[in-house]
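**Q** Sequence:
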Amino acid sequence: MLRLTDAQLAFVTERHLATLTTLRPDGTPHVVPVGFTWDAVAGVTRTTTGPSSVKAANVRLAGESGRARAALCQVDGRRWLTLEGEMTVVEDPAEVADAVRRYAERYRPPRPGVERVVLRLAVDRVMSSRDLH
Numbered sequence: 010m011l012r013l014t015d016a017q018l019a020f021v022t023e024r025h026l027a028t029l030t031t032l033r034p035d036g037t038p039h040v041v042p043v044g045f046t047w048d049a050v051a052g053v054t055r056t057t058t059g060p061s062s063v064k065a066a067n068v069r070l071a072g073e074s075g076r077a078r079a080a081l082c083q084v085d086g087r088r089w090l091t092l093e094g095e096m097t098v099v100e101d102p103a104e105v106a107d108a109v110r111r112y113a114e115r116y117r118p119p120r121p122g123v124e125r126v127v128l129r130l131a132v133d134r135v136m137s138s139r140d141l142h
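Take the sequence shown: its letter number 116 is residue 125 in the numbering used here, and every next letter is one higher.
Treat the hints with caution; some may be incorrect.
As the list claims (entries may be wrong) - Simulated restraints on C-beta separations: (1) 85 with 117: 16 to 22 Å; (2) 40 with 100: 20 to 26 Å; (3) 35 with 100: 21 to 27 Å; (4) 59 with 86: 30 to 36 Å; (5) 61 with 86: 14 to 20 Å.
Bear in mind the hints are in silico, worked out from the structure with no lab data behind them. Beta carbons: idealized from backbone N, C-alpha and C, even for Gly.
Taking the hints into account, I'd like the entire structure generated from these sequences.
**A** Right, here's the structure in full:
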């Protein structure tokens, strides 16, 4: 199980946005700003999005070919943290509700009445600035 340092854990739970990088079918990166939550017990991040978003489509298409790699990068001044791993699209209503609850705790309640899926990143690699080691 992947574990973050105390400094990394503190940073990843601060209220910041991040960039999510997924790969388009042609292999080029698609990078967008997102809010996300970190689940230290499961070692995963969760980002909610619309089921027809480009990022969800990229993950679905990459998954068909075997591996949907993705990276989340949170930056605040000179501090940064990148979480990388396998990403999947989750449509399970219970996990979507849990992700929305976690998002509301970290950021603010999202717009109601919007159809959502979860982009779950199973983190297997962490990179960070020196002060977060």
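**Q** Against each hint, give a clear statement of whether it holds in the structure.
**A** Okay, the hints, checked on the actual structure:
In this structure the hint that residue 85 and residue 117 lie 16 to 22 Å apart at CB holds, the actual value being about 18 Å. With their beta carbons about 24 Å apart, residue 40 and residue 100 fall inside the hinted range of 20 to 26 Å. Distance hint check for residue 35 and residue 100: the Cβ-Cβ separation is about 26 Å, which falls inside the suggested range of 21 to 27 Å. At about 31 Å, the beta-carbon gap between residue 59 and residue 86 stays in the expected band of 30 to 36 Å.
Under the hint 14 to 20 Å, the C-beta atoms of residue 61 and residue 86, about 35 Å apart, miss the expected range.
Of the numbered hints given earlier, the model fails hint 5 alone.
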